[in-house]
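Place chains B and C on chain A using the hints.
For reference, the chains in residue letters:
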Amino acid sequence: MRIVHHPILGDETRVCNAIITVDGRQIPAIEGEPIAAALLAAGIKKFRETPKHNKPRGIFCAIGRCTDCVMIVDGIPNVRTCITPVRDGMIIKTQKGLGEWSEAR
Amino acid sequence: MIQKTGVIYQGYPSEQELSKSPGVPSDERIKRGPVAFIECVQEIPCNPCEEACPYGAIAVGQPITNLPRLDEKKCVGCGACIAKCPGLAIFVLDGSEQKAKISFPHEYYPLPQKGDVVDCVDREGKAIVKGIVLKVVKSPKYDATAVVTVEVPMEYIKIIRSIKRPGRS
Amino acid sequence: MKTTEMAIIGAGPAGLSCAVEAARAGAKVTVLDENLKPGGQLFKQIHKFFGSREHRAGTRGFRIGQQLLDETEKLGVEVLLNSTVYGLYEDRLIAYIKDGRDHTLKAEKIVIATGASENALAFPGCTLPGVMGAGAAQTMINVNRVLPGEKVVMVGSGNVGLIVSYQLMQAGADVVALIEAAPKIGGYGVHAAKIRRAGVPIFASTTIKEVLGEERVEGVITVELDEKWKQVNGTERQFEADTVCLAVGLSPLTELAWMAGCEFAFIPALGGHVPIHDRNMETTLPGIYVAGDVTGVEEASSAMEEGRLAGVAAAESLGYIDAQKAEELKKEIWGRLDALRTGPFGEGRRAAKFKQLSSRRLMA
Chain A
0 MRIVHHPILG DETRVCNAII TVDGRQIPAI EGEPIAAALL AAGIKKFRET PKHNKPRGIF
60 CAIGRCTDCV MIVDGIPNVR TCITPVRDGM IIKTQKGLGE WSEAR
Chain B
0 MIQKTGVIYQ GYPSEQELSK SPGVPSDERI KRGPVAFIEC VQEIPCNPCE EACPYGAIAV
60 GQPITNLPRL DEKKCVGCGA CIAKCPGLAI FVLDGSEQKA KISFPHEYYP LPQKGDVVDC
120 VDREGKAIVK GIVLKVVKSP KYDATAVVTV EVPMEYIKII RSIKRPGRS
Chain C
0 MKTTEMAIIG AGPAGLSCAV EAARAGAKVT VLDENLKPGG QLFKQIHKFF GSREHRAGTR
60 GFRIGQQLLD ETEKLGVEVL LNSTVYGLYE DRLIAYIKDG RDHTLKAEKI VIATGASENA
120 LAFPGCTLPG VMGAGAAQTM INVNRVLPGE KVVMVGSGNV GLIVSYQLMQ AGADVVALIE
180 AAPKIGGYGV HAAKIRRAGV PIFASTTIKE VLGEERVEGV ITVELDEKWK QVNGTERQFE
240 ADTVCLAVGL SPLTELAWMA GCEFAFIPAL GGHVPIHDRN METTLPGIYV AGDVTGVEEA
300 SSAMEEGRLA GVAAAESLGY IDAQKAEELK KEIWGRLDAL RTGPFGEGRR AAKFKQLSSR
360 RLMA
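Going down the list, the sequences are from chains A, B and C.
Just so you know, numbering that gives the first Met the number 0 puts 54 at position 55 of the first sequence, and the rest follows in order with no gaps.
Just so you know, numbering that gives the first Met the number 0 puts 93 at position 94 of the second sequence, and the rest follows in order with no gaps.
Just so you know, numbering that gives the first Met the number 0 puts 311 at position 312 of the third sequence, and the rest follows in order with no gaps.
Partial pick of chain A residues on the chain C-facing surface, computed with a CB cut under 8 Å: (1) M0; (2) R1; (3) E11; (4) A61; (5) R64; (6) P84.
Here are a few chain C residues that sit away from chain A, every Cβ distance over 12 Å (derived from the structure): (7) R55; (8) Q237; (9) G271; (10) L284; (11) S357.
FYI, nobody ran anything at the bench for these hints, they're computed from the structure.
Using N, Cα and C, we set each Cβ at its ideal position, and we do this for glycine too.
Next up, chain A with everything else stripped away, as it sits in the complex (with noise of 0.2 Å):
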């Protein structure tokens, strides 16, 4: 959920001006906030499955640090996704274990 009105940093002035798909799911973003905080907003949690037991992962540290945010974008396994900006288009699939590379990329 986005937080619109904040009684220190003001209104929300930024607006969604991007599309990005997440496993097939079309969602609405802001063009260069990380592709975590746009499937937050869009109250998505679950970013990828564990590869052994297949357990759901979100975030954890949301710098870049601990690699439990990692999803599949554009077809390039392991991308953190809580440092990573979102650009129009990009099309992010949860991650099963160390995912694969696709030929879509």
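Relative to chain A, chains B and C alone:
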């Protein structure tokens, strides 16, 4: 739940801690008119309140971990210190009229409006009594911290410290 | 190969403060940071800082961040963003990746100001989406303006846990409980008081027994701890929550200092293994300095002072500041650092820092 009293257990100062604090004015002074009531009972390195007071009524000195000392004779209750305290721990109490006036810092959205009837809460956030918003002061100098004044029955002057936090916007 | 007089790794509060001091003295400074924007974690600090006027007390952290950026720009400091430093080699050679390409940079002085990262905590359900660092939630709400959840259980009552709880409510979330394993609240009482009067209950001697949910956090079961930190059966409480924030300390990001070969000391009060340094912030390797959380987890105000100290000392050894002037500047900065490390909350850190400073003498 926490049973022990005191700021390190309850998260807010106990009556006893406040009574020993040099930032707390006397009951007589509160009855005479608006005065700062500083709920700062731990020696943290901080002194903006000292500089905020145009009347020289708050002294911290050196080291800056000293507790702020209020000179209740010099304090006129202007409230300049309220928004300056990074800990949001300063209030202004006015017990000079029939009803109590309590001023406190407010940093939630939306701000209340003058004339609103609001739920006034104690230091645990419990809604205790309804009050009327008398004043909402915003200033660029306060940097987004508003100072709100509510009026409540006199018996709550030492109890009410804020208003109920607005729900999700 | 690119060369510079002074390379600073990390554009957070310590690194930028260091850059400003050194550049002001006349040194050619290059700052490297792996992020797309400079400022480190300063821009998520939207509260007013403590300290005194010299520490810019009463000013919100993100405004201090903006001032630092303006100063670095005015002084012509080169800031290389999106540049991940992965190696520190002999003769102060830095290897980094920018835009997918390898680069090297040779510097006469290097300042490591890489900061710290949040600790995790293990409990059943700790890997569920919705369990995150408190700092991560803070980044999401204050930098990206996105709520990670609406009902939060905060774990840890240090200043981070208390401040982030407050800021989650400012962003519109509810904090349903703050729990603390120790028998008392760890952070400043004034921060605790803010969230208490907003209605947040604080449960001391309490930990997480289990986080519920299949695909995401749906609830939290807490349990009380006895004086031996053992769970007490029958003291469970259940909270409906979609988010669990962990504010259980930070660990210095010391990889580069280890790689360079700096000597370390183990000082739990500072976050674990920390590079040993002297009063100039210089490590056991000549010409390599440290500043900020990488050399002991404190807060942004002291990180900025340590950065300034390293900046002055490095500029002095490059010949840009004469010894007398440098001595004066360093004395002022140490005075401000000592002021932040006094009182019941600061004494422990002061003692720990003293131990760190004397480690070098003990080894020599």
